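Residue numbers (my numbering), protein chains in the order written: chain C, 1 to 384; chain Z, 1 to 245; chain Y, 1 to 561.
Worth flagging that the hints you see were computed from the coordinates, not collected in a lab. Some hints could be false.
[Claimed, not checked] Here are the computed lysine-lysine pairs in the DSBU-like style, where the Cα-Cα straight-line distance is at most 35 Å: (1) Z:K9 with Y:K510; (2) Z:K160 with Z:K131; (3) C:K157 with C:K51; (4) C:K234 with C:K256; (5) Y:K557 with Z:K9; (6) Y:K124 with Z:K53; (7) Y:K124 with Z:K9.
[To be verified] Covered stretches of chain Z (in silico footprint by chain Y; criterion: 3 or more residues with CB under 8 Å from a CB of chain Y, positions within the stretch not fixed): (8) 11-25; (9) 77-86; (10) 110-124; (11) 172-186; (12) 195-202.
[Claimed, not checked] Label-pair distances were calculated between CB atoms; the ranges are: (13) Y:S33 with C:N52: 53 to 59 Å; (14) Y:L549 with Z:L228: 25 to 31 Å; (15) Y:V311 with Z:E33: 50 to 56 Å; (16) C:L65 with Y:A75: 52 to 58 Å.
Quick caveat, the model's predicted, so the values are computed rather than measured. Built from N, CA and C at the ideal position, the CB exists for glycine as well.
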Amino acid sequence: MILQTRFFPEQASELAWHVDNLIWVLSAVLGATGLAVYAVIAWFCIVYRRKNPGELGFAPTPRILGSHKMELAWTIIPLLIFLAFFGWGAHVYNMALHPPADAPEIYIVGKQWMWKVQYPGGQRVIIGQNSLEYSKEIGGEGYFEGVMVLPVNRPVKIVLTSEDVIHNFGIPAFRQKIDAVPGRYVSTWYLPTKTGTYDIFCDQYCGTNHSLMVGKIMVVEQNEYEEWLDGKWKTGPGKNAVDGSLAHQGRQLFQKLNCIQCHDTQKSKAPVLEEIFNTRRPIKGGGTVIADENYLRESIRRPRAKVREGWEPIMPHFGPDKVSEEELIKVIAYIKSLKKGETPVRTEDWVAPVGGNTQSPDDPKPKSADPKVPDPKSGAGEQK
Amino acid sequence: MSANEGALKHHFEDIEQQRGAERLGMWMFLATEVLFFGGVFLAYTVYRIWYPKDWAAASSQLNVLVAGINTVLLLTSSLTITFAIRAAQLGNRKALMNLLAITGLLGAGFMCFKAYEYNQDYEEGLVPFCKNFGEELVHDPDDKDHSHAATTTFNQQWEKKGIAPQRIRLFMSFYFIMTGIHGLHIIIGIGAIFYLWYRAYMGWITADRYVGVEVTSLYWHLVDAIWLFLMPLLYLAGSHHSLHF
Amino acid sequence: MSTATEHEAHASHEYPAHPEHVSYLKDGWSIWSWLFTVDHKRIGIMYLVMLTIFFGVGGTLAGLVRANLLTPSGAIMDNDMYNKTFTAHGVVMLFLFLIPSIPGVMGNFFVPIMIGAKDMAFPKLNIASWYVWMIGASFAVFALLTGGLDTGWTLYPPYSSRSSHSNVVPGVFGVFITGFSGIMTGLNIIVTIHRMRAPGMTWGRLPLFCWAMYATSLIQLLATPVLAIALTLLMVETGSNALGVPIGIFDPALDGDPLLFQHLFWFYSHPAVYIMILPAMGVVSELLTCFSRKNIFGYTAVAWSSVGIAVVGFLVWAHHMFVAGISYYAALLFSLLSMFVAVPSAIKIFNWTSTLYRGAISFQAPMIFALGFLVLFTVGGLTGIPLATLGSDLHLHDTYFVVAHFHFVMVGGMVLGYLGALHYWWPKMFGVMYSDFWSRIGAVLICVGYVTTFTPQFWLGYHGMPRRYPNYPAEFQYLNVLSTAGYTIQAAAFLLIHTYLIASFFTGKKAGPNPWGATGLEWVAESPPITHNFDKTPVVVCGPYEYPLNLTQTGEKADVR
């Protein structure tokens with residue numbers, strides 16, 4: 001295991017190079033000073049030790065009271081050195097806080113105990129250990145779930161907030177971290193300079209699973225990044241809809257149109273829609289139907305035409321004014337993709353970031369995206 | 001044995017050292033009180049700067065007439081307790097007892113008015129810890145007939161003006177915390193004053209043993225001074241259309 | 001003479017008019033003579049007993065934390081338990097040990113003696129401070145035992161007020177009460193030093209331990225009330241949330257601001273670390289001079305640097321918040337000010353080192369602790385600079401680098417100072433001497449243990465391992481194991497130290513008034529001192545460290561006796 005450890009941490013962003021320089025020069029100067037002081041102490045302890053060890057009491061020593069010159073020297077010189085460090089540190093900090101104007105923005109919302117990352121194109125990633133127990137069976141691979149992908153050599157700005165308590169989004173390889181404070185947006189930026197996979201940690205104590213609010217950031221070449229955005233490859237097996245695919249947008253609509261109100265896991269008013277696509281289902285009044293795209297479309301446009309056996313005809317219809325054709329496709333694509341256990345929880349609250357994209361790019365009328373106020377009640381729940 | 005020796009505590013060398021120590025001790029303690037209240041004043045001021053409209057609206061609901069009466073009571077009590085020091089220095093036991101009693105009663109009067117005020121706040125639904133917050137029927141200052149009848153709730157009035165109820169809640173929390181802690185200090189002060197009155201009654205305060213009165217008066221003046229900052233901060237942050245009881 | 005005067009005379013004399021020449025330990029044997037004592041020395045011993053117990057508790061909690069970190073997924077407890085354990089470790093160590101330790105024991109015991117006084121200025125306030133501390137400790141321990149606190153000792157809302165379902169209010173209330181104890185002790189020390197110095201004891205002849213205690217007490221007096229208000233507001237918010245009528249002083253969902261808590265909290269908690277370290281620095285001045293037989297190099301500089309640390313220490317609190325969301329300009333200001341606060345500590349280190357020059361150095365246990373302080377505190381102090389520097393703090397904030405830094409200053413600084421003081425003044429407090437051989441072993445072993453425990457953590461922090469993590473990436477395991485191994489060395493050392501110290505009561509040689517041949521006023525008094533400290537008020541004729549002239553402060557010879 002020791003052989004697998006890197007001696008120095010990865011330096012994967014432009015800022016990392018600056019921060020490392022600062023840290024190492026500081027260490028060198030302070031370390032040298034410290035060692036020099038230790039050497040002097042050791043020297044004095046050896047040279048000026050008592051002639052008769054074990055004896056106590058009077059021994060002839062000179063009465064030295066001090067030296068103004070030396071006091072001045074070792075006041076002014078350290079102060080100047082510390083001020084130099086301050087200046088350099090402030091310069092690096094300045095770089096870290098001020099992104100280039102045209103950097104694309106990625107929105108991240110922290111909540112106990114995951115990060116919800118949203119890309120400008122609508123792609124979303126959830127970072128965090130979704131299983132609350134460390135999965136030894138997966139050989140540690142399941143330890144990190146959710147991978148955020150970034151292109152190398154392109155600046156990116158992140159806008160961060162929290163839904164509940166204070167978190168902190170930290171990437172050691174980028175030498176950066178910033179608190180995610182509820183009720184406000186903070187931002188920082190990165191310029192990844194090296195491809196690879198690096199850790200993301202939550203760096204502000206936030207409760208029971210603070211140490212599981214971790215993930216990975218994968219820096220790839222520009223073309224690979226674009227392919228990932230298009231959904232051509234995934235970062236790992238997962239339940240997350242991690243790309244900008246139709247299924248993902250359909251999921252957004254599923255919640256926005258309040259389908260989730262009835263089609264929830266409690267099966268209170270309507271059947272759960274997991275894994276129903278292309279299955280045969282009994283309908284009221286006898287007979288069966290295959291739940292293919294057309295049936296799904298009909299169930300949305302004219303729900304009371306063919307009601308599933310065992311359920312009441314209470315579903316409202318969604319005409320073209322409520323759900324456009326493109327949207328319908330997306331909803332159906334979502335229902336097609338819905339696997340067991342993936343029905344969203346009813347109280348799930350996805351904060352839309354300021355200026356964030358809640359519509360797909362090809363929608364005719366973009367609506368205004370006003371950010372929802374973080375729900376104080378979605379506090380200590382453990383979300384999957 | 002002279003009166004001086006009786007007053008001298010065993011660990012001090014002389015009476016001047018003892019008096020000096022007692023005075024310095026009280027001044028140090030007052031410094032801690034200044035920082036304690038300073039902290040909450042700071043927090044209050046931060047929100048005052050951020051939410052001026054809500055703060056003004058909340059402040060104008062407070063009873064500034066009662067606050068004014070309370071200010072007069074406290075200032076007068078500071079006067080009487082200062083006279084009490086003089087009475088003690090002159091060995092005038094009767095005057096000392098009377099002045100201490102008046103001071104204590106003025107302080108008690110302050111607390112009575114405070115109790116009345118808190119009750120009024122509760123009746124008007126201004127106590128943030130209670131379920132009736134904002135829901136009681138109160139007088140609408142914008143009503144045209146000046147009847148002072150209770151016709152709307154605060155929640156309705158605030159909604160009309162675009163004021164956030166949770167910010168009023170925040171103001172009222174600060175109000176109760178600040179006046180509550182201050183009130184606690186007044187009660188402790190009243191206790192100290194009545195203890196002094198008891199000592200005067202027993203004849204234990206003489207012309208040479210008056211420092212207890214002096215340091216207690218320092219504490220009382222500080223509590224009064226804190227009120228002099230508290231009152232404008234809390235009560236005068238908003239406008240008051242009429243003085244009413 | 002009136003009855004009133006007689007009564008007054010009786011009431012204000014706790015001791016008979018002419019006290020017998022009896023040591024404070026023998027002046028009354030019943031438990032009540034201890035529990036109702038107003039003797040500053042007995043109060044110091046009461047603090048010592050309870051502090052030792054709390055240190056043991058805090059140390060055991062540390063052991064549990066380190067044991068759990070042996071494996072990457074938590075070796076002995078689940079996440080929730082771990083969070084409660086490290087919170088308990090922080091709360092107990094900080095509020096029930098570090099802050100009261102040297103002021104409560106050596107401050108109470110020795111400040112009056114070192115200035116030639118009979119007692120503290122306010123003896124009854126002194127015993128009250130012990131009881132208040134015990135009441136606060138009771139609430140805190142109750143909270144920790146009945147379900148615990150899982151917020152971290154820093155108690156940040158909105159987690160602590162809204163999201164944590166642990167014993168926040170009783171725990172915070174306990175800490176709140178212990179704060180009053182610190183204020184009372186600080187007030188007592190300030191007034192004592194101002195008003196009760198013996199004739200000839202000018203400010204310029206005050207032992208540096210007293211200067212350090214004075215500076216510490218200033219901080220205790222002025223900073224602790226701000227913690228009190230921060231905790232009061234937090235308790236109100238937490239309580240109101242628990243009762244279902246939430247008010248949001250620090251909760252953004254209700255228009256409050258979480259950063260307001262952080263500002264109020266750190267306004268106290270940063271000066272609090274100087275409350276912890278300044279007394280230890282004062283002790284080091286006493287030890288280095290005695291065991292190198294030299295005057296302190298630069299008395300004025302060392303004295304004023306203590307006050308300087310206290311004053312500037314109030315101006316730097318937001319360096320704990322560089323990534324918390326403060327403005328860029330605020331961050332610049334606080335980083336700049338933090339550089340200024342580093343300078344007085346540097347001055348002290350250089351002055352102490354120069355004190356050794358051309359001395360006659362012997363290496364009894366107190367000296368080993370003092371030299372260990374010089375080395376380990378320097379590490380802690382120097383590693384504070386990358387944290388105060390904005391660019392590097394971006395990376396190091398809330399990682400194990402910070403944990404290593406503060407443990408080096410608190411354990412390698414403060415605890416070494418405390419142990420050094422205990423070993424130096426043990427013969428004076430109890431009239432017996434402990435084993436020289438074992439004490440030297442214990443001192444060396446402690447230093448080795450500390451270094452082993454905390455040095456790997458710097459590297460872990462630089463690699464990015466966050467604080468307060470029961471689960472961590474597997475590649476960090478070997479450094480964590482090394483750190484835990486260091487803990488076992490420390491634990492062994494502490495057991496050794498307590499063994500030979502307690503054994504000294506039974507088998508230790510009787511100690512004379514001045515076993516080290518030291519020059520302070522406390523070494524003029526008997527070992528252990530009589531209840532009134534001195535038979536008659538001493539008259540001070542020279543400075544506190546006239547070792548080359550072999551003079552105590554009363555002008556007598558500072559020979560071993």
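Q. Looking at the structure, which of the earlier hints fail to hold?
A. Result: hints 3, 6, 9, 10, 12, 13, 14, 15 break, sorted rising.
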